[in-house]
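Engineer: Protein chains in written order, with our numbering: chain G, 1 to 276; chain P, 1 to 334.
These aren't lab readings, by the way, just hints derived from the structure by calculation. Wrong hints could be hidden among the right ones.
Computed Cβ-Cβ distance ranges for the label pairs, DEER-style [said to hold, decoys possible]: (1) G:108 x P:71: 50 to 58 Å; (2) G:116 x P:20: 21 to 29 Å; (3) G:113 x P:115: 32 to 40 Å; (4) P:74 x G:20: 43 to 51 Å; (5) P:71 x G:261: 36 to 44 Å; (6) G:113 x P:74: 58 to 66 Å; (7) G:108 x P:183: 57 to 65 Å.
Selected chain G positions facing chain P (Cβ under 8 Å, derived; list incomplete) [to be verified]: (8) 165; (9) 169; (10) 170; (11) 173; (12) 176; (13) 177; (14) 180; (15) 182; (16) 195; (17) 201; (18) 216; (19) 220; (20) 221.
The C-beta atom is built at its ideal place from N, Cα and C for all residues, glycine as well.
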Amino acid sequence: MARAVTTNRKVLNTFIAWSIGILIFFPILWTILTSFKTEAQAISDPPVFLFFDWTLENYGVVQERSNYMRFLWNSIIIAGGSTVLGLIVAVPAAWSMAFVPSRRTKDILLWMLSTKMLPAVGVLYPIYLIFIRLGILDTRTGLVIVLMLINLPIIVWMLYTYFKEIPGEILEASRMDGASLKDEILYVLTPMAIPGIASTLLLNFILAWNEAFWTLNLTAAKAAPLTAFIASYSSPEGLFYAKLSAASTMAIAPILILGWFSQKQLVRGLTFGAVK
Amino acid sequence: MGRITLDKVSKSFGEVEVIPPLDLTIEEGEFVVFVGPSGCGKSTLLRLIAGLEDVSGGQVRIDGNDATLTPPAKRGLAMVFQSYALYPHMTVRKNIAFPLRMAGMDQAEQDRRIENAAKILNLTDYIDRRPGQLSGGQRQRVAIGRAIVREPAAFLFDEPLSNLDAALRVGMRLEITELHERLKTTMIYVTHDQVEAMTMADKIVVLRAGYIEQVGSPLELYQSPRNTFVAGFIGSPKMNLIGGAEAQKHGAATIGIRPEHLGISATEGIWKGRVGVSEHLGSDTFFHVLDTGLGDALTVRAGGEVSMRYGHTVYLTPEADKIHRFDDKGLRIA
Numbered sequence: 001m002a003r004a005v006t007t008n009r010k011v012l013n014t015f016i017a018w019s020i021g022i023l024i025f026f027p028i029l030w031t032i033l034t035s036f037k038t039e040a041q042a043i044s045d046p047p048v049f050l051f052f053d054w055t056l057e058n059y060g061v062v063q064e065r066s067n068y069m070r071f072l073w074n075s076i077i078i079a080g081g082s083t084v085l086g087l088i089v090a091v092p093a094a095w096s097m098a099f100v101p102s103r104r105t106k107d108i109l110l111w112m113l114s115t116k117m118l119p120a121v122g123v124l125y126p127i128y129l130i131f132i133r134l135g136i137l138d139t140r141t142g143l144v145i146v147l148m149l150i151n152l153p154i155i156v157w158m159l160y161t162y163f164k165e166i167p168g169e170i171l172e173a174s175r176m177d178g179a180s181l182k183d184e185i186l187y188v189l190t191p192m193a194i195p196g197i198a199s200t201l202l203l204n205f206i207l208a209w210n211e212a213f214w215t216l217n218l219t220a221a222k223a224a225p226l227t228a229f230i231a232s233y234s235s236p237e238g239l240f241y242a243k244l245s246a247a248s249t250m251a252i253a254p255i256l257i258l259g260w261f262s263q264k265q266l267v268r269g270l271t272f273g274a275v276k
Numbered sequence: 001m002g003r004i005t006l007d008k009v010s011k012s013f014g015e016v017e018v019i020p021p022l023d024l025t026i027e028e029g030e031f032v033v034f035v036g037p038s039g040c041g042k043s044t045l046l047r048l049i050a051g052l053e054d055v056s057g058g059q060v061r062i063d064g065n066d067a068t069l070t071p072p073a074k075r076g077l078a079m080v081f082q083s084y085a086l087y088p089h090m091t092v093r094k095n096i097a098f099p100l101r102m103a104g105m106d107q108a109e110q111d112r113r114i115e116n117a118a119k120i121l122n123l124t125d126y127i128d129r130r131p132g133q134l135s136g137g138q139r140q141r142v143a144i145g146r147a148i149v150r151e152p153a154a155f156l157f158d159e160p161l162s163n164l165d166a167a168l169r170v171g172m173r174l175e176i177t178e179l180h181e182r183l184k185t186t187m188i189y190v191t192h193d194q195v196e197a198m199t200m201a202d203k204i205v206v207l208r209a210g211y212i213e214q215v216g217s218p219l220e221l222y223q224s225p226r227n228t229f230v231a232g233f234i235g236s237p238k239m240n241l242i243g244g245a246e247a248q249k250h251g252a253a254t255i256g257i258r259p260e261h262l263g264i265s266a267t268e269g270i271w272k273g274r275v276g277v278s279e280h281l282g283s284d285t286f287f288h289v290l291d292t293g294l295g296d297a298l299t300v301r302a303g304g305e306v307s308m309r310y311g312h313t314v315y316l317t318p319e320a321d322k323i324h325r326f327d328d329k330g331l332r333i334a
């Protein structure tokens, strides 16, 4: 369908789109800007926008007071570990749901999703006790397991949707060609589902990276990831906005960069099949 | 290698029995075609042989060994699917190599077989392309190539030509028949197209609602159909089936006469009718003759040069010794 779009209309649309975009991005932009201000400038009224004395002092102080690299490393291990572990569990599960469904498959999928409707705090107490008993409180292993479990329904759902798009005959062909179940999943299904698997992986990595409820409640010092790093600058320290902003910027930078470079892959994966 | 025996094999999906217990033997080296209208169970039967579906009862034997519980990968059969089912992420070479790789064959032998298959199927020029860059006919050749490299006990074809256009279909039909002549391997071929069945098969199995209606060579089925279903299904255009008083004159409930066994004349004959649509194929002409008082329109096959005006009166004469007689259950009267 051809639509006549006038130049004025285009300019207006572009303006509106940019305005909404900047509005949504503004809090993050403000955080980043504040991280380069002194504490006095950070709370000055009226606020200063761009014309202030740019300083890296906050970053220095933050790095001096807490070991950023240790938090970063914990975040990477927890987010990466839970995502990889989740995939190992979810790929066979989604395979069986997509290709050998039973009468209960739809119910199971819905039931899995329903666990996401439960408020996390509702199970904090039992999980906390289990963690104490197992001696995995404030360990990366414990967090990998719990984050894998809370994201598992989403991983299975996403993979299930992608797998449904793959014609069953191709898998049958591989069976006729002598492939075992392992070969079928490894050499045929997985390569064909790569866009879907990659976007599932990315999305879950981001979700796990940003997860704050469990990471804050189940860690103290040893296994604390970047969410705890930010949190340590908020409440007990009072109103050190500039340092808090510096800590936040350092915490979100890796995931922001990852998201930026993988956005094409994410969009492709998330719309996979929808426009086929 | 390649003798397949079905012993009281049956299949039900839940409460629905799609294949009642049936017996069938496919001899080594035979080209067997399963033919029947859609939903007759022919594809299901093939999938039972392949092992892609589990039988509900009975036994599948391959070369005398019970293969009923053997997974498809271990049955030594190769299958060509209607959708080709190529691996889209692999090149033609890798597609063809896949079964060899799964069998753990050494690289030199793999290469030799791939080269050989590519040569037979004219795939050498496309060997490094992916399936997405090939036409339908080329894809089908790759699917066949993937099947032949393994040197299987038998080939299973599940309506392999139905996604191709008419001209290509005729070409591929010849190629597959040629391949069978060359390899002499057992082939089981499923189709709903009776022309494919007639032209390719050593033996045709006509199925309806899971039952085997008749098994025989193409000409046996054509000349002596066991019942009215086979009579009507095999042959193009269809056999004319006539009931009522005219059939009783021949001591039958139904008589059948093929279009080529009806003489057509503007002046004299046994049955009088009116010319309906005529289809000129060049080599032949098919006349649909209406208002004969014998039920449905009768189809007559005449020479390509014969012409009759629409609506004109004509007379038809069946060749007396070519009339098929069927009893009230539709079974052939000898």
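Engineer: Now look at each hint and say whether the structure bears it out.
Structural biologist: So, going through the hints one by one against the coordinates:
1. Look at residue 108 of chain G against residue 71 of chain P: about 25 Å separates their beta carbons, and that is not inside 50 to 58 Å.
2. At about 47 Å, the CB distance of residue 116 of chain G to residue 20 of chain P disagrees with the hint of 21 to 29 Å.
3. Taking 32 to 40 Å as the suggested C-beta distance range, the pair residue 113 of chain G and residue 115 of chain P does not conform, at roughly 51 Å.
4. A hinted range of 43 to 51 Å for the beta carbons of residue 74 of chain P and residue 20 of chain G is inconsistent with their spacing of about 60 Å.
5. With their beta carbons about 43 Å apart, residue 71 of chain P and residue 261 of chain G fall inside the hinted range of 36 to 44 Å.
6. Separated by about 38 Å at the C-beta atoms, residue 113 of chain G and residue 74 of chain P break the suggested range of 58 to 66 Å.
7. Distance hint check: the CB atoms of residue 108 of chain G and residue 183 of chain P are about 46 Å apart, inconsistent with the given range 57 to 65 Å.
8. Because the closest C-beta pair between residue 165 of chain G and chain P is about 12 Å apart, greater than 8 Å, the hint is violated.
9. For residue 169 of chain G, the interface hint holds, since its Cβ comes within 8 Å of a Cβ in chain P; the closest pair sits about 4 Å apart.
10. Because the beta carbon of residue 170 of chain G sits about 5 Å from the nearest beta carbon in chain P, less than 8 Å, this interface hint is met.
11. With 8 Å as the threshold, the beta carbon of residue 173 of chain G comes within range of chain P, its nearest partner Cβ sitting at about 4 Å, so the hint holds.
12. Of the supplied interface hints, the one on residue 176 of chain G holds, with its beta-carbon coming within about 4 Å of a beta-carbon of chain P, less than 8 Å.
13. The restraint placing residue 177 of chain G at the interface with chain P holds, with a minimum CB-CB distance near 4 Å, inside the 8 Å limit.
14. A least Cβ separation of about 6 Å between residue 180 of chain G and chain P falls short of the 8 Å threshold, and the interface hint therefore holds.
15. A distance limit of 8 Å between C-beta atoms decides the matter here; for residue 182 of chain G the minimum to chain P is near 11 Å, and the interface restraint is violated.
16. Interface restraint check for residue 195 of chain G: the shortest CB-CB distance to chain P comes to about 11 Å, outside 8 Å, so the restraint is violated.
17. Taken as an interface hint, residue 201 of chain G does not check out: its beta carbon lies about 18 Å from the nearest beta carbon of chain P, beyond 8 Å.
18. With 8 Å as the threshold, the beta carbon of residue 216 of chain G stays out of range of chain P, its nearest partner Cβ sitting at about 42 Å, so the hint is violated.
19. Nearest Cβ of chain P to the Cβ of residue 220 of chain G: about 46 Å, over the 8 Å cut. The hint is violated.
20. Evaluation of the residue 221 of chain G hint against chain P yields a violated restraint, the C-beta minimum of about 46 Å exceeding 8 Å.
Checked against the numbered hints listed earlier, the structure breaks hints 1, 2, 3, 4, 6, 7, 8, 15, 16, 17, 18, 19, 20; every other hint is satisfied.
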